[in-house]
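Please construct the entire structure, taking both the sequences and the accompanying hints into account.
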Amino acid sequence: MIIAQSAAVSIGFVLDAIFGDPDFKLHPIRLIGYLISFLEKVMRRIFTKNERFGGAVMAICVLIICGGVPFAILFFAYRLNYFFGIAIESVICYFMLAAKSLKQAGMSVYKPLKNGDVDGARKSVSMIVGRDTESLDDIGITKAAVETVAENTSDGVIAPLIYMAIGGGVLGCIYKAINTMDSMVGYKNDRYINFGRFAAKLDDIANYIPSRISAYLMIFASKIMGYNSRNAYRIFKRDSRNHASPNSAQTESVVAGALEIQLAGDAYYFGKLYKKPFIGDGIKPIKYDNIADSIKLMYMTSVISAVLFVGLKVAVGVVYGI
Numbered sequence: 001m002i003i004a005q006s007a008a009v010s011i012g013f014v015l016d017a018i019f020g021d022p023d024f025k026l027h028p029i030r031l032i033g034y035l036i037s038f039l040e041k042v043m044r045r046i047f048t049k050n051e052r053f054g055g056a057v058m059a060i061c062v063l064i065i066c067g068g069v070p071f072a073i074l075f076f077a078y079r080l081n082y083f084f085g086i087a088i089e090s091v092i093c094y095f096m097l098a099a100k101s102l103k104q105a106g107m108s109v110y111k112p113l114k115n116g117d118v119d120g121a122r123k124s125v126s127m128i129v130g131r132d133t134e135s136l137d138d139i140g141i142t143k144a145a146v147e148t149v150a151e152n153t154s155d156g157v158i159a160p161l162i163y164m165a166i167g168g169g170v171l172g173c174i175y176k177a178i179n180t181m182d183s184m185v186g187y188k189n190d191r192y193i194n195f196g197r198f199a200a201k202l203d204d205i206a207n208y209i210p211s212r213i214s215a216y217l218m219i220f221a222s223k224i225m226g227y228n229s230r231n232a233y234r235i236f237k238r239d240s241r242n243h244a245s246p247n248s249a250q251t252e253s254v255v256a257g258a259l260e261i262q263l264a265g266d267a268y269y270f271g272k273l274y275k276k277p278f279i280g281d282g283i284k285p286i287k288y289d290n291i292a293d294s295i296k297l298m299y300m301t302s303v304i305s306a307v308l309f310v311g312l313k314v315a316v317g318v319v320y321g322i
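Going by our numbering, the first residue of the sequence shown is number 1, and it counts up by one from there.
Just so you know, the hints here were simulated from the structure itself, not pulled from any lab data.
Small disclaimer: the values here were computed from a predicted structure and weren't measured.
Be careful, since some hints might not be right.
[To be verified] Derived lysine to any residue pairs resembling SDA-like cross-links, with alpha carbons at most 20 Å apart:
1) K201 x R52
2) K287 x D137
3) K111 x Y299
4) K123 x A267
Here you go:
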């Protein structure tokens, strides 16, 4: 099974690199989103006086379903035929990864900026960030895009690879369910401060180790690619806690250090100003090429991670004969 899962993760990684994330209504991540929306409505009706407990029950139900369904599918697929099982698990792993989608999101901002179309870039960046973008200039747009690529390198690519290397497509689905719940209900606003608390904490826990592994692997990637790896490590050690989330600034700080730029700082969300510390020193001015640089770092980190995690899994399988 270890060799089968290793093959599935490898094939899934290659499929994502070639084709990117397919956009259709029955995409597993969309189905997870539909499930979360449905269960949120149900739990809010049942637990009208205890939103926090209702949110926890919702999260547990989502995890059981998102783990149970792929487990059942793979169980029967492997029983039917070993190679058919690998094929199905490869597709599941493919759906859990978002490296090419992250590249496409970054490039959708980079290209209009390169062509001097600030309004077009602003429109594109508004599709991938949660902050208000109406007043962002070209520097603010670039920062937002770089931060998105940097942060999502971990939870969009490296963390899924880690969990799939450990538990195949099933654990990958469970992780993405946690990640999707956080993106849908993990807000600190009036609607979700209580209901989404359990999901948000679960996401913090699930990403705690992967985000730090991602940061160290990205430092290594920056060394290979000729960026300032020493500064990447220095800024990582100094600024990796400069975020409300315990995990978001891990890879952001590495990118800021490697590219010698300054990220983060104050931002508007829903018309309200949020004071946020800076990440990095701003040795160099921010320019649109930094978006392409962050994408290169994301890809190199992803390749290193895939080779490392799959290699370790195969080694375990060989040593223990499983």
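Now the hints, each set against the structure:
1. Note on K201 and R52: the hinted pairing holds, with a Cα-Cα distance of about 12 Å set against a maximum of 20 Å.
2. Between K287 and D137, the direct Cα distance comes to roughly 12 Å. Compliance with the 20 Å bound is thereby established for this hinted pair.
3. A hinted pair counts as satisfied when its Cα atoms are at most 20 Å apart, and K111 with Y299 qualifies at roughly 18 Å.
4. About 17 Å separates the Cα atoms of K123 and A267, which keeps this hinted pair within 20 Å; it holds.
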